[in-house]
Amino acid sequence: MPNEASPLPGPQSPGTGLHDLRGPHSPRKIPGWAATTALLLPAYAWLTLAVFLPLATMFVFSFLNKTPMGQAPVEFTLRHYRAFIDQGYLVRIAWNTLVMGFWTTLICAVLGFFAALALVRCTAGRQRETLLVLILLPFWTNGLVRVFSWTMVLRENGFLDSLWHLVGDGSISFLYSRPAIVLGLVHGYLPYMILTCYIALITIDDAVIEAAQSLGARWGTVLTRILIPLAAPGLISGAVLTFVPVIGSFMEPRILGGKVGMTLGTVIEDQFTQAFNWPLGASLSFTLLAVVLAIFATFSGVLKRGAAA
Amino acid sequence: MTEVHIRSIAKSFGPVPVLHDITTQFAPGSFTSLLGPSGSGKTTLLRIVAGFVTPDRGAVTIGTRDVTAVPVWGRNIGMMFQSYALFPHMSVARNIAFGLERRGIRGAEARALVDQALEMVRLTGFGARSPKELSGGQQQRVALARALVIKPSVLLLDEPLSALDRRLRQDMQVELLRIQRETGLTTIFVTHDQEEALTLSDRIAILDRGRIVQSGKPAEIYERPQTRFAAEFLGDSNFLTGTVEQGGVRLADGTLVQSAHPLPAPGAKATLAIRPEKLQVSTTAPNRLTARIVTVIYAGPVLSYLLETLDGTRLKLFQANRDGTILAQGATITLGWSPEHAIPVAE
Amino acid sequence: MRLGHIFLGAVLVFLYTPILVLMAMGFNASPLYQLPFQFSTRWYGDLMGNEGLLTAGFNSIVLGVITALVATTLGTLAALALNRHSFRGRSLLQLLLLPPIAIPWLITGTAMLIFFFWTGIGRGMHALVIGHVALAVPYVVLVVGTGLKTIRTDLEEAAMSLGSTPVHAFFAVTLPLLFPSILGAALFAFAVSLDQFVVSYFLSSPGYVTLPVQIYSAIRKGFTPEINAISTLLLLGSMSVILIFARFARPQSPGASK
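If you read the protein sequences in the order shown, they are chains A, B and C.
Per this note's numbering, the very first residue in the first sequence carries number 1; after that it's consecutive.
Per this note's numbering, the very first residue in the second sequence carries number 1; after that it's consecutive.
Per this note's numbering, the very first residue in the third sequence carries number 1; after that it's consecutive.
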């Protein structure tokens, strides 16, 4: 029944409204669950093969009495989980690893918080954007190369020494020491800490700070009573995501620590590449994983909120 | 022109029932508003007609065809969305031609139809623009043209004007009504704006918590609301509660209020709804109440007064600002109204 | 405020000094990194003759491209389901994307080594592909998912109301709008693969090593400025990839007005 007044022909009469629907597909719905499964299966099958099954296998391996090679039968044992008791030096190494993680995280947190604060309070627009990109850029470059680059700076007669020679004699080189490891790690994770603190600080309304100042708060009070508490989620997620990879690191201690660079990470690496004691390596890896998961579980609330922001 | 029938539709999202057993029909060429607060199920009902939501029970018929099992893309509907939903990567003309292409109409034929559609929404010459370069109102017109050009069986509008500012919105209402009349399309319009529903519709269906509580012509619903909810949601209302006695309603303070409408059986509780503009300052009207003016709101053409009776019942009075006299705050006045305007409503 | 700028300047000096020193030493004539600086391109010339580093570099690029292609495909599909479908267990699946990112690579790498050894998958290029894709997929899901969130779902609904099937609506509307995010995700996946060292270290076979692994063993054997040369190229390479990515991932939400 076309309406004559209309510049367009009227709507089609009932029942024939679809005759000209010539889509390339049959007008049928694919069941939702089938589509969802088809979309998810490839990625999760891959992750299962590459990550979840390996982690499960490693767990099983950690109970074997020796690396299953050749025909020799293997037995199950809890021995490797007693390694911390049986081999006392491991406790010392684990402690050193935690101390290394602590210092790295603390230095990153202090520097990162103030750098983020400076970004938020002292820069704006394009300048801020450029600075952020410059700060984050190294984070996405090869970590190994960046660690290696510190050896150029810290070695005897390296860049640091040649700067020093402008004012004094001798050498202030401290390559192959614990501070060198921490320095390299701070260099690696500082950009990330700046980012998480920046994200937390940027959401703070200027009016909040002005309100505090109008109530007579000094700069120090604003910092400790307003900025730090409000930035806490950023600080905490930054700290967790620094501490976790740091206690699992092995390449930084190897390159910058030399002989003094024994950490849990290097001990684990040794089991796989030198000592060929895979079950011990697996049990140490798993102990480390347990620590990591415990940290994540403890801070999951904060991390989730950070991810949502 | 196509008729749309909805029979015994029910829908739950998980454990939450959204629609309970809805049966209604949309007459050929009619303009119906589904009016209700958010969460009333009006959008879900529209999306069931569109085919985006599959009902748990019931059937949808467009014309003579039962489309309950037909997916959206097979229903030949025209739909306008709250956010315009124009394809940002296509020109205005390509947006409008999208549905034609799906129907195998291309080339010169499609161009001619697109131009006609642009003319209809008064955007001739805008075809090559990108949606980004258009104002909100213009984008809305493109969305309308895109929905109309495919000659849909039914036009579904999901609060399409809510993103526009007030003035533009009134212009679009006029435009929408003109085009709807010209095309004679059966139109279902979802809104939470009562004024918009009153202005545009042939018929309003008021939804509350998944049920159609009343439907009918705008004037019918406004003048004769059947429930307290309908009286409150469409327009403003005063409510007086009491017991049915001697052909009237006896209030707590002993006043007997007459109503010209059928009341429940004597002895039953009853609520009467009286529109604030139907009250007047009068000592001679058959129904009277004394009340003190608590607040005076001056709104230009209309004066609103908030009043309180002796027993604390709050009342509203609207008066046209005829000669600029304003009743004083704190004054006690006698309000009167005709039994014709005391409408018994269900709670 | 002056103080803030000075502090930020100091942070930048800290971040870039070693990198610039590394790059400079690649152009210093002394094989022992001795100063004063004498400009020379000798090490870049030597690099051209260093079969080991060149092969490793080539391997890294091939591996990066394969990783980018596979991870982008898998991750985009998963991102679609995770962002556009509602189903039970969705939050659990989202949680399962975190282990590859959050667990230290040392743990993931050694676990892969054990599993691949035990199942006979072994080490080498195929093992590296399996590992790198797994590490890159979560990032792809994240980047593409962020892109998807800026594309309103009612665009696809509008297409369907005009007669598109869901599949057609996806290809005609969502995919073109999502393309910048997908390209960004692919670049990101490439960068993840290119920069990956720890997992590669455990999965490389003597016959197939990636550039970072080759650099690591070279460093451990003793330094040569050729490493500085190739490292410079690697740094510049991944920096440009990330800068290009940043352009694509900029929050210029497609579908939103300017």
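Check each hint, because a few of them may be wrong.
Claimed, not checked - Here are some of the chain A residues that sit facing chain C, going by a computed Cβ distance under 7 Å:
hint : residue
1    : M58
2    : F76
3    : F159
4    : F250
5    : A294
What the hints contain is simulated information worked out from the structure, not anything from laboratory work.
Don't be surprised by glycine CBs; every beta carbon is placed ideally from N, CA and C.
Verification of the supplied hints:
The interface hint given for M58(A) is met, as the beta carbon of that residue sits about 4 Å from the closest beta carbon of chain C, less than 7 Å. Restraint check, F76(A) versus chain C: the minimum CB separation of about 15 Å is more than 7 Å; hint violated. Taking 7 Å as the C-beta cut-off, the interface hint given for F159(A) holds, the closest approach to chain C being about 5 Å. At about 6 Å, the closest approach between the beta carbon of F250(A) and any beta carbon in chain C falls short of 7 Å, and the interface hint on this residue holds.
A least Cβ separation of about 13 Å between A294(A) and chain C goes past the 7 Å threshold, and the interface hint is therefore violated.
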